[in-house]
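There are 2 protein chains.
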Amino acid sequence: MDKDKIRQALIKMLGKEKVLSEELDLMYYSYDSSFLTKLEPVSPLAVVFPRSTEEVQNIASFAFENNIDIVPRGAGTGETGGCIALKGGIVLDLSTWDEIVEIDAPNMQVIVRPGVIHAQLNQELAKYNLFFPPDPGSSQMCTIGGMVANNASGLRAVKYGCTEQYILGLEVVLPNGEVITTGGVKARCIKNVSGLNLTKLMVGSEGVLGIVTRIRLRCWPKPKARGIAMAVFDNLDEAPAAVLDIYQAGILPSGIEILDSSAIDAVNQFKPEINLPQAEAILLFEVDGNPPSVEYEGSVIKEVVGKRARSVEWATEPRRMAELWEGRSITATAAARVRADASRVFAGEDISVPLSRVADTLRAIRALGDKYGIKVVNYGHIGDGNVHTAPVINPENPEEVKKVMDMVHEIHLLAIAMEGSTTGEHGVGAVRRQYAELEHGRAAQLMRDIKRVFDPRGTMNPGKLI
Amino acid sequence: MDKDKIRQALIKMLGKEKVLSEELDLMYYSYDSSFLTKLEPVSPLAVVFPRSTEEVQNIASFAFENNIDIVPRGAGTGETGGCIALKGGIVLDLSTWDEIVEIDAPNMQVIVRPGVIHAQLNQELAKYNLFFPPDPGSSQMCTIGGMVANNASGLRAVKYGCTEQYILGLEVVLPNGEVITTGGVKARCIKNVSGLNLTKLMVGSEGVLGIVTRIRLRCWPKPKARGIAMAVFDNLDEAPAAVLDIYQAGILPSGIEILDSSAIDAVNQFKPEINLPQAEAILLFEVDGNPPSVEYEGSVIKEVVGKRARSVEWATEPRRMAELWEGRSITATAAARVRADASRVFAGEDISVPLSRVADTLRAIRALGDKYGIKVVNYGHIGDGNVHTAPVINPENPEEVKKVMDMVHEIHLLAIAMEGSTTGEHGVGAVRRQYAELEHGRAAQLMRDIKRVFDPRGTMNPGKLI
Chain E
1 MDKDKIRQAL IKMLGKEKVL SEELDLMYYS YDSSFLTKLE PVSPLAVVFP RSTEEVQNIA
61 SFAFENNIDI VPRGAGTGET GGCIALKGGI VLDLSTWDEI VEIDAPNMQV IVRPGVIHAQ
121 LNQELAKYNL FFPPDPGSSQ MCTIGGMVAN NASGLRAVKY GCTEQYILGL EVVLPNGEVI
181 TTGGVKARCI KNVSGLNLTK LMVGSEGVLG IVTRIRLRCW PKPKARGIAM AVFDNLDEAP
241 AAVLDIYQAG ILPSGIEILD SSAIDAVNQF KPEINLPQAE AILLFEVDGN PPSVEYEGSV
301 IKEVVGKRAR SVEWATEPRR MAELWEGRSI TATAAARVRA DASRVFAGED ISVPLSRVAD
361 TLRAIRALGD KYGIKVVNYG HIGDGNVHTA PVINPENPEE VKKVMDMVHE IHLLAIAMEG
421 STTGEHGVGA VRRQYAELEH GRAAQLMRDI KRVFDPRGTM NPGKLI
Chain C
1 MDKDKIRQAL IKMLGKEKVL SEELDLMYYS YDSSFLTKLE PVSPLAVVFP RSTEEVQNIA
61 SFAFENNIDI VPRGAGTGET GGCIALKGGI VLDLSTWDEI VEIDAPNMQV IVRPGVIHAQ
121 LNQELAKYNL FFPPDPGSSQ MCTIGGMVAN NASGLRAVKY GCTEQYILGL EVVLPNGEVI
181 TTGGVKARCI KNVSGLNLTK LMVGSEGVLG IVTRIRLRCW PKPKARGIAM AVFDNLDEAP
241 AAVLDIYQAG ILPSGIEILD SSAIDAVNQF KPEINLPQAE AILLFEVDGN PPSVEYEGSV
301 IKEVVGKRAR SVEWATEPRR MAELWEGRSI TATAAARVRA DASRVFAGED ISVPLSRVAD
361 TLRAIRALGD KYGIKVVNYG HIGDGNVHTA PVINPENPEE VKKVMDMVHE IHLLAIAMEG
421 STTGEHGVGA VRRQYAELEH GRAAQLMRDI KRVFDPRGTM NPGKLI
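Heads up: the protein sequence lines correspond to chains E and C, in order. Residue numbering for the first sequence follows full-length UniProt numbering, starting at 1 and increasing by one per position. Residue numbering for the second sequence follows full-length UniProt numbering, starting at 1 and increasing by one per position.
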């Protein structure tokens, strides 16, 4: 079937206002936030904006019958090319389908359509003293559908885990247009061990098994208080050791973030008035809970971490907390500005290693930066070993591009050698597929066999994950 | 292949001491804790005690080549017939393979073989100030392998979730004898979103996809303090309402248990000196955390729940906590003794409903008891809507058996009608398979298709789950 016929069929099916087919419009959909799509953008042959399960089913059936690739997309904040139609195909932009169907406060859950924005959902839930704990950096932009596809997490995974922990059930349109409901067709219970856990299989499947059209999410009581500690270290190895001490003291902070010396420099260069202390590492601990608990944990952190750190400051006053956190919150932006003629690329940016290997990993990444002559800024979620590396290069310079791609490959291999993973939260997408065998061995084949059950024609977001 | 040849081959493979083939010994393996196996016990054709992955692989290969069913078994504490070889077959008793391979405290995880007992594991972890939070009632007997197979939970799921939340990776022997590792072949990181989540697909799969031979578990810092509140209600509807009030107050207790009037009567009849107050319901709240947090949450529970309850008692002193908890801890035993000539049967014992439907559900179950003339005792994990129903009958009386089976079927249908599930934590096994279509609709077929990927010959624990 040729492009024009496909576009006409889609317009006939959905109406003109729900179909994009102008090349300029389509170009926007050749990008997500990955470096890959900056290097090799590919436009889809059409973009559609379905707003009902039936519309998604119709699109899927049509694509299935005509052997056309389909690719679901949320807000496009992903860093792996996961929402790109690599060989052309129809992109389903679900970001406008942003209905909060029901907040069922008595049953501690909420039902949403895939396009709801994370921050928006938590704003609504707050009215009921509830929240959805995972906290990705892209909270203001990313969609719940995208979070489900990527099993997103972010700053609070130490205590609250990843998205999957909160997903009670999903409505999924299969590649052939059929629809299933996981977690029980009509269920709205919290606990359910009936049947194979298709819900958890879908979460993190990056759109290669089907299109999520409805999400039933568990919510938690919103904690009443919060506190932040900033600890400054002269010795990098003391930072993960201090994290472990805190766990040993019986405390599970909601987040523990690290800025190594490269990130401290980047922040100070970008915004000198923040004036972070020169150090090998800065740790930020966030604890939440009821007010006496937060107060107590703050005093323990000051005492326990104080034995290893040059200094520890503890704050519960909102303005001071914001100041302490500011360095961390602008790190990603600051990293992009460490070289005037260059920008940060999202590649090799998300490895995960055991806590005991974090210090060695950071040193090894710095050494790789030196080896390739590439400026690298390191920060991340040290509480669960999730390291964010920001290589900064001039993407117009082919030599630098070649070097950074080689370096990123070494970072990925480093992660595996450190008993970690190439991706802690951003996902595999198109950019980390090559490591499937190395990470999963024989299980990688099993994953492909499972995909075939869902997607016998291989038209569902092909070229991703496995 | 005839029985004797199979047994001889197994003895040749494993040695005589690792194979049972005497009918008397095998009879023991015709039971778990389900009512089904009391009614229709089926002996396996052999029981083997593998103690290495290679031995499990050899058994699986042999069974696969000769088309013999294989069934993994832990401690046999399940209530669904999940570990029974329904048509004969080889049972792999994994309970003697109980090695704690490694406690990796710096990385907050532990690696175990499937036969490790839950309570034993937590005893070892306590030495490192760590714990594995799920807390099944059978803690002293059940194995971690069994917990993984059933995605077990128990008293603490309100705050800490189910087993799946803690499983980082599994070694699994497939039905054909191949071995895979989920969660990364060599990984020991906490966060990992690479590939399809086979780990979570395996958890709760009740041994129908493969045999779990190694488990990598995430541990949590062990809380330093604990407190218990007992609240007495004159009105059943006030009990779930009080639970919701507590969530609204920002508190997530580690457990919230209910005894309705039937359970209160059973306890008082069994052990009069406990002398629980006569009431429509008793709730027990357990909170844990740091000492000031526990103290604070106790005072909030007293105040908030006090508005709905006849009385609330709060305790942090170990002896008094044990006294308050005793009624709950002997409920299961007490339920079995409410009729001199009868005993409790494990059937329809584990439905899960939304919190908002708990009171109606308990009333409906009592009405069913009246309709069938069967004594029924209700208790359970009200915090997550998981209701445990104990029908008490004389299992030697065919008429009572017929009646209880009819009643149990109605209880299962009730659960689905209440937007719940037939099983919150005990699993499907052989006894709740008939509800797969009703609970999962089209998804049930997809589950069977996935099973076929793992188990093309249908020899892996057949007749269970789906």
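No wet-lab data here; the hints were simulated from the structure. Please read all numbers here as calculations on a predicted model, not as lab measurements. Hints may be right or wrong, so weigh each one.
Copies of the same chain look alike in the list, so a pair counts if it fits in one copy or across any two.
[Unchecked claim] Straight-line C-alpha distance at most 25 Å; calculated DSS-like pairs for lysine-lysine:
no. : residue 1 : residue 2
1   : Lys222    : Lys375
2   : Lys224    : Lys159
3   : Lys222    : Lys159
4   : Lys307    : Lys271
5   : Lys224    : Lys302
6   : Lys12     : Lys87
7   : Lys5      : Lys271
8   : Lys302    : Lys18
9   : Lys403    : Lys38
10  : Lys159    : Lys87
11  : Lys375    : Lys12
12  : Lys224    : Lys403
13  : Lys127    : Lys159
14  : Lys307    : Lys222
15  : Lys127    : Lys5
16  : Lys402    : Lys38
17  : Lys224    : Lys307
18  : Lys18     : Lys402
19  : Lys87     : Lys38
For this session: Could you check the structure against the hints above and give me the numbers of any it violates, in ascending order?
Result: 1, 4, 7, 8, 10, 11, 12, 15, 18
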